[in-house]
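Chemist: These are the residues of each chain, in order.
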Amino acid sequence: MLKPNTTKGKLIVVEGIDGSGKSTQIDLLFKWLQTQGYSVFFSEWNSSPLVKSTTKAAKKEKSFTPTTFSILHCTDFANRWENGIYPLLKAGAIVLADRYVFTAFARDVARGVDPEWVRNMYSFAIKPDAALYFRVPLDVAVERITAARASLKYYEAGMDLNLSDNINESFKLFQGKILDQYDQMVDEFGLTLIDGTQPVKEQQKKVRVLIKKVLRGWEGLPNPNKPAGSARSSQPAAEKGGKS
Amino acid sequence: MKSPNFYGAGFPYRDIQQLPGKLIVLEGTDGVGRSTQIKLLRRWLEDEGYAVSDTGLTRSTLTASGLEAAKSGHTLGPLTLSLFYLADFADRLENLIIPALQAGFIVLSDRYFYSVMARDAIRGVDKSWSRQLYGIALRPDLILYMKADVPVLAQRLIHGRGLNYWEAGMDLHLADNMYDSFLTYQNLLTKEFDELALTYNFVTVDANQKSDAIFEELKVHILELLHNRLTKTKKPR
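Line order of the protein sequences matches chains A and B.
Read in order, the letters of the first sequence correspond to residues 1 to 244 in the numbering used here.
Read in order, the letters of the second sequence correspond to residues 1 to 237 in the numbering used here.
Simulated from the structure, these hints should not be mistaken for laboratory data.
Keep in mind that a hint or two might mislead.
Pairs of lysine-lysine residues, derived as DSSO-like cross-links and limited to a Cα-Cα distance of at most 27 Å, are as follows [to be verified]:
1) B:K127 - B:K210
2) A:K172 - A:K31
3) A:K3 - A:K212
4) A:K90 - B:K147
5) A:K8 - A:K31
6) A:K127 - A:K90
7) A:K3 - B:K127
8) A:K127 - B:K127
9) B:K147 - B:K39
Some chain B residues near chain A, calculated using beta-carbon distances under 7 Å [said to hold, decoys possible]:
10) Y13
11) D15
12) L62
13) T80
14) L86
15) E94
16) Q132
17) L133
Every residue gets a Cβ at the ideal spot worked out from N, C-alpha and C, and that includes glycine.
Can you make the complete structure from the sequences, with help from the hints?
Modeler: If you want it as structure tokens, here you go:
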């Protein structure tokens, strides 16, 4: 199971299937926290440069098995954890993560990997102070993704599972399996549900209320580059329009 | 014929019915002479008419370049490196070892995951974490643990390919020079191996002996395994 957060920092993560709008929300949250003068950092799923060359090659050659796919994504996470997320939390910063261990639990189990096994693999990670799960019905997410993209990628669509020969159909079936896994994790890990069909601005409002609660009375690492005149809570930054 | 037997989770999405081959593992620290023995054993088994496949740590093409980069940079944390090794292992297990066993081959594995566990344990990686992760592993039919005294290992390496950074455990800052670091590191490894030997039922072989004496001893254990199989399959009449 995940470790309790005993660091001085705060860990906030967003989760949800592709097209749930979580990246838009965390981007807005990141900028807002910056304007508020916090020491805030951002980490994105599958972004460690060292592991990227390996995953890229395997994706191109379609040589992943569900297990190697799972392990290499954890390797990527461990690399970001050891060189970034964990030391920053120790320092007392706020770390925002676009996708966290729950993404692996949802996707890898949807691929057929043993649920206990993958949970153990990520058990070095800390339980977030806030885990926001942006939930949208399958049709909405699929509609958003297919409208925004020219074509879907092989693994993203779960084509390795042989659910369907049609990539759009496979994507839909695969995302449905992932959605089921997410729904099962709401209670298991205490994920906070956010209705991802609401307008971007409404969602952001809720997110900020939730995060304010998490940060109430907390000081953390002072930010030497704090923007001039930034005042926490008294002057909320202007909200920007959403992307999705 | 036997049904596959995994240490733990295995590969739930994979339907593996029978593995008629045999998985034989050679374990032991650096410089113990594993690769020499693998070569000798392979030739001998092929002469006997067995189909043989061999594999060894870090030989997966999936992770080779990543592991290389990781090791040359020295900036990787212990968890990251540990997981790279796990990926290498899983890739070879699913794509090489299992298919070869399905086809009835004898698979000779130059180290398995026990070596990785030993090196990780020294670097502070949680043992029960590793143990559960390697629950994907097949139980070998035979694990031969080649054990030699550390001074013997040092002597062989110095007269052979020389000491290297990782085999000397230089990342652990155990000593101010590679020789002393090697001795300390290999002693720590041997301690871990002795513990693993009990947990995983290794057959210990004295690797202080000359190469041909080791070879003869390894053959005895392998013959025993192969003969058991023959008597077993012939029984039902």
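Chemist: Confirm or reject each hint.
Modeler: Structure-based check of all given hints:
Taking the CA atoms of B:K127 and B:K210, the gap is about 34 Å. The hint is violated against a cut of 27 Å. Between A:K172 and A:K31 the CA atoms are separated by roughly 32 Å; this puts the pair beyond 27 Å, and the hint is violated. At roughly 23 Å between alpha-carbon atoms, A:K3 and A:K212 fall within 27 Å of each other, so this suggested pair holds. Proposed proximity of A:K90 and B:K147 is contradicted: the alpha carbons are some 42 Å apart, above 27 Å.
A hinted pair counts as satisfied when its Cα atoms are at most 27 Å apart, and A:K8 with A:K31 qualifies at roughly 21 Å. The straight-line distance between the Cα atoms of A:K127 and A:K90 is roughly 14 Å, inside the 27 Å bound, and the hint therefore holds. Distance restraint check for A:K3 and B:K127: the Cα-Cα separation of roughly 16 Å lies within the 27 Å cut-off, and the hinted pair is therefore satisfied. At most 27 Å may separate the alpha-carbon atoms for a hinted pair to count; A:K127 and B:K127 meet this at roughly 21 Å.
With a CA separation close to 18 Å, the supplied pair B:K147 and B:K39 stays within the 27 Å bound. For B:Y13, the interface hint holds, since its Cβ comes within 7 Å of a Cβ in chain A; the closest pair sits about 3 Å apart. Proximity of B:D15 to chain A is violated relative to the hint, the smallest CB-CB distance being about 11 Å (cut-off 7 Å). Taking 7 Å as the C-beta contact cut-off toward chain A, the hint placing B:L62 at the interface holds, the least distance being around 6 Å.
With 7 Å as the threshold, the beta carbon of B:T80 comes within range of chain A, its nearest partner Cβ sitting at about 4 Å, so the hint holds. About 5 Å separates the beta-carbon of B:L86 from the nearest beta-carbon of chain A, less than 7 Å, and the hint is met. For B:E94, the suggested interface contact is upheld, since its CB lies about 5 Å from the closest CB of chain A, less than 7 Å. Hint status for B:Q132: holds, given a least beta-carbon distance of 4 Å to chain A, under 7 Å.
With 7 Å as the threshold, the beta carbon of B:L133 comes within range of chain A, its nearest partner Cβ sitting at about 6 Å, so the hint holds.
In this structure, the hints that do not hold are numbers 1, 2, 4 and 11, in rising order.
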